[in-house]
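Chemist: With the hints as constraints, model all of the structure from the sequences given.
Each residue of the sequence shown is one higher than the one before, counting from 0 in numbering that gives the first Met the number 0.
A hint or two may mislead.
[Said to hold, decoys possible] Pair by pair, the computed Cβ-Cβ distance ranges are: (1) His-29 / Pro-51: 33 to 41 Å; (2) Glu-3 / His-48: 17 to 25 Å; (3) His-29 / Gly-53: 25 to 33 Å; (4) His-48 / Asp-20: 29 to 37 Å; (5) Phe-10 / Gly-62: 26 to 34 Å; (6) Arg-77 / Val-18: 31 to 39 Å; (7) Ala-22 / Val-50: 34 to 42 Å; (8) Thr-59 / Thr-28: 14 to 22 Å.
Please keep in mind that the hints were generated in silico from the structure rather than gathered at the bench.
Idealized CB from N, CA, C, for every residue including glycine.
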Amino acid sequence: MRIEVLRSGGFAGIQRRAVLDTAGRPDATHIEALAHSALGACRAGTTPHGVPDGFHYEITAGGRTVHCADPHLTEAQRQLVRMLLKEGA
Numbered sequence: 000m001r002i003e004v005l006r007s008g009g010f011a012g013i014q015r016r017a018v019l020d021t022a023g024r025p026d027a028t029h030i031e032a033l034a035h036s037a038l039g040a041c042r043a044g045t046t047p048h049g050v051p052d053g054f055h056y057e058i059t060a061g062g063r064t065v066h067c068a069d070p071h072l073t074e075a076q077r078q079l080v081r082m083l084l085k086e087g088a
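Modeler: Below is the structure:
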């Protein structure tokens, strides 16, 4: 599964994109379950309101894209975003 996150906003307004492909990873099942949980917590096509200078996230996995924003991330969303920004290309 190809998972992508786009982080925008923040004080500087700099965008950061990361992509992670779970194919061949020993932890693929865990990452994919985390992605499904993160996607299920949002409604597709809606843009949540965050806080001034907070980060906004666009998460795409399995052909579905959702939007979420700090400080209203679920734990699954927070873990997935952190993982992708750390390990993704």
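Chemist: None of the hints should be skipped; say for each whether it holds.
Modeler: Status of the hints after comparison with the structure:
1. Separation of His-29 from Pro-51 is about 34 Å and conforms to the stated range, judged on CB atoms against 33 to 41 Å.
2. Between Glu-3 and His-48 the beta carbon distance is about 23 Å. The supplied range of 17 to 25 Å therefore holds.
3. Checked against the hint of 25 to 33 Å, the C-beta distance between His-29 and Gly-53 comes to roughly 28 Å, which is consistent with it.
4. Between His-48 and Asp-20 the beta carbon distance is about 32 Å. The supplied range of 29 to 37 Å therefore holds.
5. At roughly 33 Å, the beta carbons of Phe-10 and Gly-62 sit within the given window of 26 to 34 Å.
6. Take Arg-77 and Val-18: their Cβ atoms lie about 18 Å apart, and the range 31 to 39 Å is violated.
7. With their beta carbons about 36 Å apart, Ala-22 and Val-50 fall inside the hinted range of 34 to 42 Å.
8. Between Thr-59 and Thr-28 the CB atoms are about 19 Å apart, so this pair conforms to the stated range of 14 to 22 Å.
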